[in-house]
Structure formats: structure tokens, C-alpha cells
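Engineer: Residue strings, one per chain:
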Amino acid sequence: MTVEQAAELTLTPVRSGVGVSVPRPDGTLKVSGRYAYSSDLWAADMLWGATLRSPHPSARIRSIDVGSARAMQGVHAVLTHNDVPGRRTYGVERPDQPVLAWDVVRYQGEPVALVAADHPETARRAVAAIVVDYEPLEPLCDGDAAIARGARKLRENDNEVHRVRIRHGDVESAAGLADVVVSGEYEIGMQDQAFLGPESGLAVPAGDGGLDLYVATQWLHVDRDQVAASLALPHDLIRMTNAGVGGAFGGREDLSVQIHAGLLALATQRAVKMVYSREESFFGHVHRHPAKLRYEHGATREGDLLYVRASIVLDGGAYASTSAQVCVAAASFACGPYVVPSAAVDCVAVYTNNPPCGAMRGFGAVQVCFAYESQMDRLAAALDLDPVALRRRNAMAEGSVTPTGQVVRQPAPVNELLERLRARPLPLAPPTGGRDPRELPGGVSNTTHGEGIRRGVGYAVGWKNIGFSGGLDDYSTARVRVSAAAGEPLVEVHTAACEVGQGGITVQAQIARTVIGIEHVVVLAADTGVGNAGSSSASRQTWLTGGAVEAACRAVGEELLGRAADRHGLDPRDLRLRDGGVASADGSVVATLAELLDEPAEATREYRPRRTTPLDENGQGDVTMAFAFSAHRAVVDVDVELGLVRLVEVATATDVGKALNPQSVEGQIEGATAQGVGLAVMEEIQTVGSRIRNPSFTDYLIPTILDAPAMPSEILELPQPDAPFGINGVGESGIVSSGPAVMAALRMATGRALERMPVRPHELAGATAAGGASA
Amino acid sequence: MEFLQPSTWEEALAAKAAFPDAVPIQGGTDVMVEMNFDRRRPDVLLDLGRVRELADWASDAGSLRVGAGVTYARVIAELGAMLPGLALAARTVGSPQIRNRGTVGGNLGAASPAGDSHPPLLAAGAVYEVASAARGARRIPAHEFYLGPKRNALEPDELIAAIYLAPAAGGQQFAKVGTRNAMVIAACSFAVAVDRSARTIGTGIGSAGPTPLQAPDAERYLAGVITDEGLWESGRLPDEAVLERFGALVADAARPIDDVRATASYRRHALTVMGRRTATWALRDGR
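So the protein sequences, as listed, match chains A and B. Per our numbering, the first sequence starts with residue 47, numbered consecutively. Per our numbering, the second sequence starts with residue 211, numbered consecutively.
With the rest of the complex left out, here is chain B (with noise of 0.2 Å):
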């Protein structure tokens, strides 16, 4: 096995570029897991750690670029404020050595319908930054980027380098079901993000289909009834059937199956109760 270790983007563009079969690895703890289990067996690893630009994360006009390699524990330390729904998600990942360790961009490079950080990007319109050493940067939308189980929209030659996403313009949340009260992986997950100036409402859904979802007609629904009766200007809650719709909604949107986590019907259930109830929470939270 070859292990390759760049100490610059621009090397390790270049190395990827030279051997696009590498295998990214940047906390280790997916791509490690894989290996032991001999699920995987790469001829090349690409050791992003040392990467010295995808460790930082930056505000400019507006907007977060946040580094592919910034870890779980840091988007808590340093972003819960401003990223709440990826912060609640992050806390939710593994165990406090897995989020010491492991990167948002690692979730992104496996493309695991479970993987905590999809639900509440695909919620917030995060964007995410990818580059080659042939091309250059380019940037794709977070819904655009998953392709399939474990599959994602990164060309052979190319790396994550950033996420860009807004500062919470309201509430965000985010909740995973499991059969487990910590280090779980999730039978599903919602996250929720209430945009009062853009006034929209932003979903993802993860672990109920092959790919992290969004329930489009569920956002459209709820910012619509918000809209309609006001609700932006007077800060009400909806009513209760409206909330609950919302929750049958996001479930619609699902796809899931039955496998050892859970059933689908429990899944879709599971759906319905946290929408309804993760709208609730975002909606007062940001008013």
C-alpha cells in the first residue's frame, strides 16, 4: 500500500491527480473502520491531516467557508453559535474521541446515508467547495452532491476542500433516532432550518433512503402556511395540525427499508415525530 502525505492543498491535489484511486483519510475514522473490517483495501491512501488550508474555517462577506478538515469537536466549540443545526448534529457523532478526530468533510467523502453533518447541510443550502489539481475549484450544492449509497458528485481527480454556508438567519435543529441514548449511528435523522430573511424553510433526512434527502414539499408547505397567515411578522407558532402536517410531509419525502437499524414504517413514523417536533423547537427558538 502506498501512503501518500501532502503538506499543502496544492500537493495533495497533485497526488490525487497522479493516483486518483487514493483514498482520502483524514480523521480515520470511517476509512480506518473499513480497512479493519477488510471492507477495503486501497493501494494508495491520501493522508489529508497535515493539509494545513483544510483545517481552518473563515467568515467573509456573509458566509462561512469551513474547512473539509475541521473537526466534529471544533464545529462545536467554534460554530455552535452560528451553525447550530450542524453543532447539534456534530454532538450527536460517535464518542468524544471519534469527534476529536473525525473531519465534516470525511462525512461528506463517504456519502454514508447516515452520516450525521447531510441532514442539516442539505437543510441550511450549504454549497460544497471541491477542486483539482486539471480544473481548478468548483462548487456544487449540497442536494446536487449525493449520488447514491456511499456514492457522491466528486470526479476521480478531485477533493473536498470547504463548505460554504450561511450564518442561521432563525432556528435550526436537528434530532436521530437509534436505539441507543449516545454513540449511535442513526436509524434516521431530520434536520430543520427556519430562514427568517430569506423566509424559507430549509430539511434534510438522513438514514431513510439511498441517499441524504430533502422533503421539498414540506418546506414548501410550512414557509407557505407561515407566510400566508403572517406568521414571519407576528412570530406565532403555526397550529398544531400545521406542525404535524409538516411531519407527515417529511416523511412522504422519505425512502426508506427495513434493515437491521429499523423498519421503514418505524422510520417513516420516527419522520413524522421529529419534523413536527424539530420545526416546533426552530421556530420558536428564532423568534
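So that you can see chain A by itself, here it is in the shape it has in the complex (with noise of 0.2 Å):
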């Protein structure tokens, strides 16, 4: 930051402005049913394209019959393989997934050939008729078993998409050293995003031979790279608008229909509209990586930490996706929120024949938090110590070093975080009969009035990186212009900033209000007609893109303030932006806005935040932006004998720098702590043979308000350096210790181990009496 861009420009107080509870544009109308998504979306003449998809995790094809397909009435194009034009794979990260399958299918739902037709009845009875001939092959299902000696090579060299490997300190020298040696396996299931809206977009031939694309996603420019690679087509023939988005938390990065409607609709010349039912969208979008995690923590007799050696493998599925990078953070955030001085983790992420694996809310911080968690709970017990007491004793502050070498210099509240939630009052214990069944395990299905009750109170503490890591560029652009609007002032602000749920839109107006103190602003829709924006991913799009906005609203306003200057012969560093006019410093007018803005002001400013660096041969290196810490305080009614869950309350702390939005902040943070419980209890895509067995939301369950726990929250708003207001990411925090903590409170329920999560009713249940109730 700059002394300049520290001075305000403005003397005027606005009511909207950061910091304040501004109520979204798209509230009232998502919750009354009226939000226009990406599948509302309607064009006169339209076509309806549809996918087919491989019934197969692994098979040959060996041809592929589209002649009856082609043949029906109403049908306009059947395209396979071959009616790709450019590049014929996509990925973003590696282009390594088949835009459409030609050879070989790697995961059960892969696309093989698309369908436009007059009705999406017609669209979908035409997929049914393509004849594909598959020589099924044996799936590889397990990601043990791809880089296991032997394993069917699945690509040319080996089964990894990515390996990190961190060596820091003196790992040997230290276990010798160990007073307490602990260890410990865990596993996590493969979540789903579980997003309402499913994938869907407009594809709109124009008459310039290009294309328009109207897709609910999360980072058109990226975007725009893969479709226009796949369709040969120069960028500035692809317009991408963002579309009304219902939900994304990451499986919105990669593409969906986003080539494939395009095709169709360059194909047949007529707009194509795609919309993926339910069950096709959970073949649609990549998941979290199920993981399975090998811990060992060695301790001094007093509780410090002196190793960590952790060995994580990832299951990335069938192609790579954001694998890398996922890998990347799963290993740079291995050891927890602690000063950890030797470190040993080997972090690789595996191709098999699984459904995809990518981002999503979290981004490999959630699998290792829930083993490092574990292990600091199981090392507690080991050394008789309070679990909270033992966390304290390690916890990283500003200044601490982390495993990759890194300097932490930004607050690090990791103590304070966890003193706030041990200072809150417990919720109260149950009583012992006639109680609302919903407020019992099994709630309204009426398993218990009481029995086999037990609470369980557990404590987790996370960390996650804000903003891309490990030496990508990361930025993002912003344009604001201001003009006279019926002799008003109006500011319009432009970017590329998906709003998918986060609040996006309602913060960049507030920024614009505060930095030129005009109350009128307008965000328009979010597209490819200005600069790349960066992903609505890594918590990171308030930060960046409303770093973007300031920087362009500053310069607008001092283009207001320049031309006040030039024509009253006057300072600029004299004279403030004031109440729809130019004021020198005593507040008295020196010009109207209406009088400066003959012509609109315009500035278009890319906001870059500090390059990080890549790991080097040893995982070292100043990888991460900034962090981002929170911690969980899970209280849950445990039925042992059923093993089924009520929980009761999950409390949050967290350090968000400057809530700019607090409704949006405490949003940001409910929805991420579900969205972890979730993931403890419940969210598991299963898969048998590498094939989904639950691909829909009568088996894919995510809590409902009876399954929410309340959920009051601690903000901490300690300034972040270097931030645009001292603001820090909040978008992913608070789901990273929610299910630790409420895994760790479960074992102190239930008496048992968990090392699985989502834990089952079956694991949970036949409690014996160890493991107490207190609470």
C-alpha cells in the first residue's frame, strides 16, 4: 500500500458503505423463488443439448454409432470426438481430460457424445440411441492401490498427478528425542459441493462467427482459455457472462457444459441451452479428494512438538483437475497451526479410475486438519494433558515458522482463538426426560426419549491459505467509471468476479461507496468484456478484486480531484471528494460533479498482492499469500446405542481482518461450519467398483435445519498487512476444524477411536461406558 492510497479522497460519510450490514440484491429474491439461475436461462429459437456419459469407470471404445440418433425427428446434431476443432482436451490446470471421449473412458459418467434437439425430451431419447461398443476394463478404485509396485499405469509414466515433499528441520534427530511418540491412519470420504443449482448455460451463435456464453461458473477467464482452445476460435470471438449461480464451493472451476454447448450451437447455428439433471450433476462436477492420511507426532514429557511425519495420499480420480494444487496445500497445511520445528511430509495426489477430483471449499486444509486434529487429541490423552492446554502450548503466533520455511507475518491469533472458545459458557446439559424429539440424536424419527444418551464437547483449531499459492500469479482487475446520470453522480463498477454466493456484488459496491463517497453505484454483470478477474475460489475474491476496485475507484476519484484542480487553478492533494462535489480542505465546494463529469472518468487498475514462491526440492518456500485461522468448539448428544448424532452447538472463532459485510462475514462462516458437519456425519459420495452409488440427494444427505446446530460465532478482526482494509479471506475457514471438532467431541462421546470421516451410525454405535459424559 502506498501513502497515497492510505489519504482519503472523500469527506463524505456514505450509509452503505464497508463495514456495514448492506442487504444483498440477490437475498429476498433467491429466498422467494425469483432469482434468475443459469438454468433459467431462455433464448427464442433454442435448441436443448444433452450428454451421453460412459456407464463404465474403465473401458475401451471401440466405435460409437450415432446413426439412429442422428436420424430422429428433432434432432439437429449428434457430435463426438471428431467434431471438436481445436485442442481436444481440457483441464485447468493440465489440459489432460477429453472434451469429449475417444479412445478410452476413465470414470463412470465421462462425456463420449452430445445431442442438440428441439425438446430435451427429444435430447435425451437421442443419447439413449447412440450405440457405443465398450470393452469394459478392471478399474483402478483405490489410490493406494495406483502407486502401489505394480499397478496398472493408468497414464504413460506413473499414477501420480503431483507429489510434494517437505523436509524441514531435523526429523530423525528429533524422534530420538521423543519422549511421546503417537500415531495414527485416517481417512476421509469423498464430499460433493452439493450445490442447488445444477450445471447449466446458454450457448448463442453470433453473427460474427463467435460465440456468446452465458454459464454459471466461477472464473470466466479461465474459462474462456479451455473453450476457446477446444473450439479453435480466436478469445475475442468468446464472450463469457456469468450466469446466475446456485451454489459452487469450487465445483464450478472446472468446465461443464461450457465446450460442449458451444459446440452444439456452432454446430447448428442456433442458441443451445444445457442443464444437467440432479443425478447428472454429481457426474458433472469433480469432488473433494477422499484421502487417506499416516500421522506420527513425537513430544516432549511436557507436551512440545518436536516432529511431525505425516504421509498423505489423495485420490484425484480419473484426470487432474486442480490435483496439483490441492496437493500443494494438503502438504503446506500437514502439521496444523503449530510450531512445528521438524517436519517430514510426503503429500502425493493419484489418478484412478474415480470419479474426478478437484476443488472445493477447504482445498486439501480440510483432510489434513482432521489428522492433525486427531493426532493432537490422541497425543493429549498420551500425555495427560488437556487437549486445549496442549493446543495452546503449540500454537503458532505472528512471527512463527511454518514447515515450509515460511515467516508468518500477519496476526497468527491461534491462542486467543481458542481462549474465546474455552471462555464460552457451555450450552446446557440435557434434561433427562420430555424433551422435543428434535432436539434429540434421530430427531423426529423417534429413536430415543432419553436412552443411551451421551455429550461430547471437542475443540479444533485450523489454518488455510488466502489466495493462489506457491508462485502463481495471482490478480485481479477492476473498472470503475463515473458519470452523470440525470444530473446525478453514478458509479459503475466492472469486473470479472464471479458472485456465487459469497456476497461479491454487495462488497464491491460498498468499496466504490467508501472510496468516492457517492452512495449511487452499479455492479454490472460479471463477464469477459474487461480483465481477468481471477477465481471466486481460495478465499480470495473480496480481498483481490475488491483490492481492484479500491485502486480503480481511487483513481477515478483523483481524476475527479485532477480536473476540479486543472480548471479552478488549484492543488489536487488540497481538495476531497465531497457530497456529489469537489471540496478544498476547510470543506467549502469547488466544483459540482455534474460540472467535472462533462465526459464520464474512467480507470480500469489491476490489484496484484504479494508473489508467493514455489516449494522447492525440499517443500520449502514462502508458498502462501496469507492464512487464514479458525477454530471449532463442538458440543454433540451422541445416541451410543444407535450410533446416531444431534449436535448441539458448534461454535466459531475466527480472524476475518475487517468485516466489511458482517452479515456476509457470519454468513460466510454458518455456511462453511455446515458445510464441515456435514462432512463429519453425513456427506459421502460411496463409490463400489470406482461407480457412484448415491448420485442423487435421497442418498447423498446434507444437514437440514434439524441437523444445523447453532452456530455463534467469534470475529476477531485483527488488520491483515498489505490487505485492502485490513480484510482477510473468510469464505473457507470455518469449514476446515468444524468436522474435527465435532469428530473430536464424538470420541469423547462414544470412547472410540474414529478415524474415519464421515463417521457411520454403525461406528458409533455400542459405546461402552468409557468415554464418560462429562461435559
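Derived from the structure by calculation, the hints contain no laboratory data. The beta-carbon is built from N, C-alpha and C at its ideal position, and this holds for glycine as well.
So, partial list: chain B residues that the calculated Cβ filter (under 10 Å) puts toward chain A:
#1 ASP469
#2 THR473
#3 SER475
#4 TYR476
#5 MET484
#6 ARG487
From these two lone chains plus the hints, build me the complex, please.
Structural biologist: Structure (C-alpha cells):
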């Protein structure tokens, strides 16, 4: 931040600026069912696209016969890999995924052919009429098996997508000094983003030979790069606009309908709409990596951590997606927000024939948090120490060094977060009888009237990166224009930042109002008509695009001050914006904005945060732009006979830097917490032989309001250095430690080891008196 | 697709006779889901939603006749006191929206082993009235109605008219296990009905076999102990060991499998626990 940027440009306080819970424009529309999602897109005379997907997780394609599908009335196009004019593959990090499979299919649900027809039902029937001759192969179903000696190679070299090796300090010597060593093997199932709006979009062929694409996505520019490559069109002929997003959580970072709808639209020269069904959606986006994590912690008798050894296998499924970056994140955060003098971490992401896995909220930090926090509880038990005391004793703080050798140069209030949670009064213990069933494990299913219930309390603390890591050039762009509309100044903010439900539109407007001092701000639709904003992921968008909006607003404000100074022969440094005009420092108005806006003032700015560096061969480097820290305390009631759970309360403490919109911040924390506890107790895509068994919301369960606990938030605002307004990202931190806190509480209630998340009723059931019910 | 919408029972039966493959639809909470998932594409849909005769219930000579079109919401609101077991099960069905649309008759038509209505109807000894245009009405006892997974004893030209059962003459309970505390399909479920006038115990097991099941050994055992020990008269609860044994016999009657919702062994375990607990509550309720 420069000194100039620190100075206020305006003397006018705004009502709906930063720090205020400005209501979001989409809120009422969404809860009243009137919001236009991407699945509501419509064009006159449009066709409907549908996708033929592989029923096999692994097979050779002998032939594809589209003859009868093509002959069906109402069918306008049937396309296969032969009809992809450009690059035959795509991928957000590396292009290894076929647009349409040609010789082999590598996961169940892989796209093989496309149909455009004048009715969605016709399109589906035509899809069913395509005959593909497959030679099924034995799928590789397990991450460990994929890297075992002699495993069938799914790629030319080996089955590794990416490997990170961290060597920090001297683990061998540390191991010799440890008084206590605990080890454990942990497992995490495959979580789905479970967004409510299925993949959908509309591709409209344009008169210039190009394409207008309206798709619900997280990152317009990288989508466009991939679409352009596969359609063999120059970038400027592809115009992308974000359509109404019904949730993302990482699941829209990879392409879904983008290239497919584009191919069909160009082939038919008609607008083509594609909408996945709920079932198709489960096959149409990547999931969270299932993981196996083997850990060893060594500590002194007093409870000082000496070393951590960790070996982590992430199952990336059939294609690379963002596995490499997830692998970097998992490795970087593998030891938790603790001072760990020596660490040896080996983390590998592998190819299998399972559903492709990639970005999901928490991005690698979630999996390792379950393992390191389980280990901290295990260590506390071995040392006969209080679990919170052990954590606080080893807590990282500002100036601590991470296992990648990075010095944490920002607030790192791990100790304070735990202290805040510990200080909160516990919810009342359950009364003995006559309770509303909704307050009991099993809820309305009437499984207990108080029998078998034990209470447990668990703590967990987590950390995660903000922004892109490991040397990636992370930046965002904003264009801001101030003009006179009917004599009143109007600020228009234009970015390509995707609103995915996080409240980005609201906060961009708040920033513009605060910087320029004008209440009337319009945020334009996010599209590729303006520069890259980066992805709405990695908890980065408010920081980076917010930074770009702030910079562009400042530039526009300075332009207006400059105009006033020029016209009145004044020094712009003595001028400020004020109440629709420009005033001198004493407050007297020099010029009205209407007068200065005879021509609109416009500025485009890029915002770049501090650069990170890649990891070296020992996994050392300043990989992380900034850290987010949060902690959870979970209170659970468990029916230990039936293994059913009621989450009583999951309290959070988070450092948010500065809450630009407190209500949105709370919403992010609560939403992430709910998604995290879902992972702990129910959310899992189950596969058998690499086939998904539960591709529906009937059997992929997410928490209902009866399952969601009370989620009180302790919000710390410790200003983040170098960030606009001192903010920190808040989109993900709530998901990292919420599940592990619930697991810790379940362990206390049941006395069981519970090394797998999500935990299943049969694993919780049948607990004995060990573990106790004290709370 | 043909869409038939009769407004009287007579017309409905005539339509079913004319189109035996027609799929009856009431609230649509099952049929429409199957159609949306493309699992079923019936050539003819027979909408029974306008058939007035199906939408009512009545009390007659100590028995209740509940029309096949009575929704779960109405079972809860209007029949809860007389049919507490069925009402408890109805409360666990889906969400409020589903309970406003879904019907007990639809549950019987679908005959899913996971249907929530079946266990309490089996436990209460319900009888189902079905009818055809050609042969008129006939009655099928609940325990003879379920033939296999999603298969029931209806002939192709028949429709379900009503359910007959007596108001509870003792405690009735229902419990179901799933990994969510609301809006969950049963991993397994259990219903028990104590009949203090007939001095019998009725049972129903859901989602732990190819069809909804009963546990006759468990029924006879518990009723026998209560009778032998004079507990009908005294109102005392049987010993914990007796209730434990009852739960074990319930689990023995199940024929569960491993599937996406639970393992077979967990289902048996859960039935043991639910059997013991619900029998305890039902015997305590009706004293």
C-alpha cells in the first residue's frame, strides 16, 4: 500500500459503505424463488443439449454409432470427438481431460457424445439411441493401490498427478528426543459440493462467427481460455458472462457445459441450452479428494511438539483437475497451525478410475486438519494433558515459521481463538425427559426418549491459505466509471469476479461507495469484457477484486480531483470529494460533480498482492500469500446405542481481518461450518468399483435445518497487513476445523477412536461406558 | 403419454380396467421422482387426485376406514389420537411439503420396503380394500399385501380404495433410523402396537428385507410373557431382559442386506435397540 492510498479521498460518509451489513440484492429473490439462475436462461428458438456419458469407469471404446440418433426427428446435431475442431482436451491446470472421449473412458460418467434437439426429452432419447461399443476394463479403485508396485498405469509415466515432499528441521534427531510418540491412520470420504443449482448454460452463436456464452461459473477467463482452445476460436470471439450461480464451492472451477454447449451452438448455428439433471450433476463436476493420512507426532513429556511425520495420499480420480494445487495445500498445511520444529511430509495426488476430484471449499486443508487435530487429541491423551492446553502450548503466533520455512508475517491468533472458545459457557446439559424429539439424536424419527444419550465436547483449530499459492501470478482487474446520470453522479463497477453466492457484488459496491463517497453504485454483470479477476475461490475474491475496485475507484476519484484542480487552478492534494462535488480541505465546494462529469471518468486497475514462491525440492518456500485461522468447539449429543447424533452447538472463532459486511461474514462462517459438520456426520459420495452409488439428494445427505447446530461466531478483526481495509479472506476457514471438532466431540461421547470421516452410525454405535458423559 | 383424470371412483376403476398398465398417481411424491430420474416412462398416467371418495376417512362400527388419498399431513392432524403409530410414521415422511402431498395409499401402491406407512399398518393389523370394475371390492390383510420389492398383491385392473383398521387399543410406537435427523429414508424402521383388548402385540419392520416384514416370534413371545406374568392386569412393565429378548427376536425376523444406507449388521443391531425401546414406550403409554 502506498501512502497516497492510505489517504481518504472523500469527506462524505456513506450509509452503505464498508463495515455495514448492506443487504444483498440477490437475497430476497433467492429465498422467494424469483432469482434467475443459469438454468432459467432462455433464448427464442433455442435447442436443448444433452450429453451421453460412459456407464463404465474404465473401458476401451471400440466404436460409436450415432446413425439412429442423428436420424431422429427433432435432432439437430449429434457430435463426437471427431467434431472437436481445436484441442481435444481441457483442464483448469493441465489439459488432460477429453472434451469427448475417443479411445478410452476413465471414469463413470465421462462425456462421450453430445446431442442438440428441439426438446430436452428428444435430446435425451437421442442420447439413448447412440450405440457405443465398449470393452470394459477392470477399474483402478483405490489411491493406495494406484501407487503400489505393479499397479496398472493409467498414464504413460505413473499414476501420480503430483507429489510434494517437505523436509524441515531434523526429524531423525527429533524422533530420538521424543518422550511420547503417537501415530494414527486416518481416512476421509469423498465429499460433494452439493450446490443446489445444477450445471447449466446457454451458448448463442454470434454474427461474427463467435459465441456468446452464459454459464454459471467461478472463473470466466480461464473458462474462456479452455473454450477458445477446443473450439479453435480466437479469444475475442468468445464472450462469456456469468449466469445466476446456485452455489459453487469449487465445483464450478472445472468446465461442465461450456465447451459442449459451444460446440453444439456452432454446429447448429442456433442457441443451445444445457442443464444437467441432479443425477447428472453428480457426474458433471469434481468432488473433494478422498484421502488416507498416516501420521506420527513426537513430543516432550511437557507437551512441546518436536516433530511430525505425515504421509498423505489424495485420490484425484481419473483426471488432473486441480489435484496438484490441492496436493501443495495439503502438504503445506499438513502439520496444523502449530510450531513444529521438524517435519517430514510426503503428499501425493494420484490417478484412479474414481470420479475426478478437484477444488472444494477448504482445498486440501480440510483433509489434513482432520488428521493433525485427531493426532493432537491423541497426543493430549497420551500425555494426560487437556487437549486445549496442549494446542495452546504449541500454537503458532505472528513470527512463527511454518514447515515450508515461511515466516508468518501477519496476525496468527491461534491461542486467542482457542481461548475465546474455551471461555464461552457450554450449552446446558440435556434434561432427563419430556424433550421435543427434534432436540434429540435421531430427531423426528423418534429413536430415543432419552435412552443412550451421551454428551461430548471437542475442539479443533485449523489454517488455510488465502489466494493462489506457490508462485502463481494472482491478480484481479476492475474498471470503474463515474458519469452523470440525470444530473446525479453514478458509479459503475465492472469486474469479471463471479458472484457465486458469497456476496461479492454487494461488497464491491460498498468499497466503491466508501472510496468515492457516492451512494449510487451499480455493479455490472461479470463478463469477459473486462480483464481477468481470477477465480472466486481460495477465499481471495473480496481481497483481490476488492483491492482492484478500491484502486480503480481511487484512480477515478483522483481524476475528478485533477479535473477540478485544473479548471480552478488548485493543487489536487488540497482537494477532496464531497457531497456530489469537490471541496477544498476546509470543506468549501469548489466544483460540482455534474460540472466535472461533462465527460465520464473511467479507470481500469489491476491489483496484485505479494508474490509467493514455489516450493523447492525440500518443500521449502514462501508459498502462501496469507493465512486464515479459525477454531471450532463442538458440543454433541450421541445416542451411543444407535450411533445417531445431534449437533447441539458448534461455536466458531475466526480472525477476519476486517468485516466489510458483517452479515456476509457471519453467513460465510455459518455456511462453511455447516458444510464441515456435514462432512463429519453424513456427506459422502459412496463408490463401489469406482461407480457412484448415491448420485441423488435422496442418498447423498446434507444437513437439514434440524441437523444444523446453533453456530455462534466469535469474530476477531485483527487488520491484515497489505490488504485493502485490512481484510482477510473468510470464505473457507469455517469449513476447515468444524468437522474435526465434531469428530473430537463424538470421540469423547463414545470413547471410540473414530479415524474415518464421515463417521457412520454403525461406527458410533455400541459404545461402552468408557469415554464418559462429562461435559 | 396419456393422462387420465377421472373425477369419480367408478370412472377411475373403468379407466384402470381399460388401461391396466396405467400408473396411478396421487400426490406424485414417488411417481414424479421416478419420472424425473427417467426410471419410469409410463404410457398412461391415472391421476386419482380428483377422486373425492378417496380423500376422506370415516369411523364405522369400531373401525376406521381411511381413504387411499388421505395425506400424511391429515393423518397427523386428524387421526393422530386414534392411530398414533401411523401418525408417528407419517411425521417422519419427507418434509412438510411432501407430507402435504404424499398419501398412505401412494405408499401402498409403491410398496417400497422403505415406505414409512407399512410397519405401523402391519403392526396394527390393517386390512386394505382394493377394487376393480370387473370384480368389485376385496380386502387384503396387510401381511398378505407385500409380495416383493416394490411389488404388491394388486391385480392389473385394481386400485387401492382404503385402509381399514381399529383405533389403537393400547400403546403404539414407531421409530426409524437414518443418518439424518429429518427428511431421511429409513435405513430401517420398526413399529409396535399393543392391543390391550385382544391382548396381543403387533409388529412391523421396514427397510430390512425385500418387503415390509412382521416379527411373529417376537409378538408371541412378548404377549406370552405379559399374559403369563399377569402384566395386562397389573400394568407393570416386563423385565428389562424380556424387552431385550423381544428386540433380539425382532432383529431375527429381519432379512437385511448391505446397501448405500446401512450395513445388514447395523440394521439388525438397530432393530434390536428400537424393538426394546419402542416396546417399552408402547407398554408404558397405554397403561
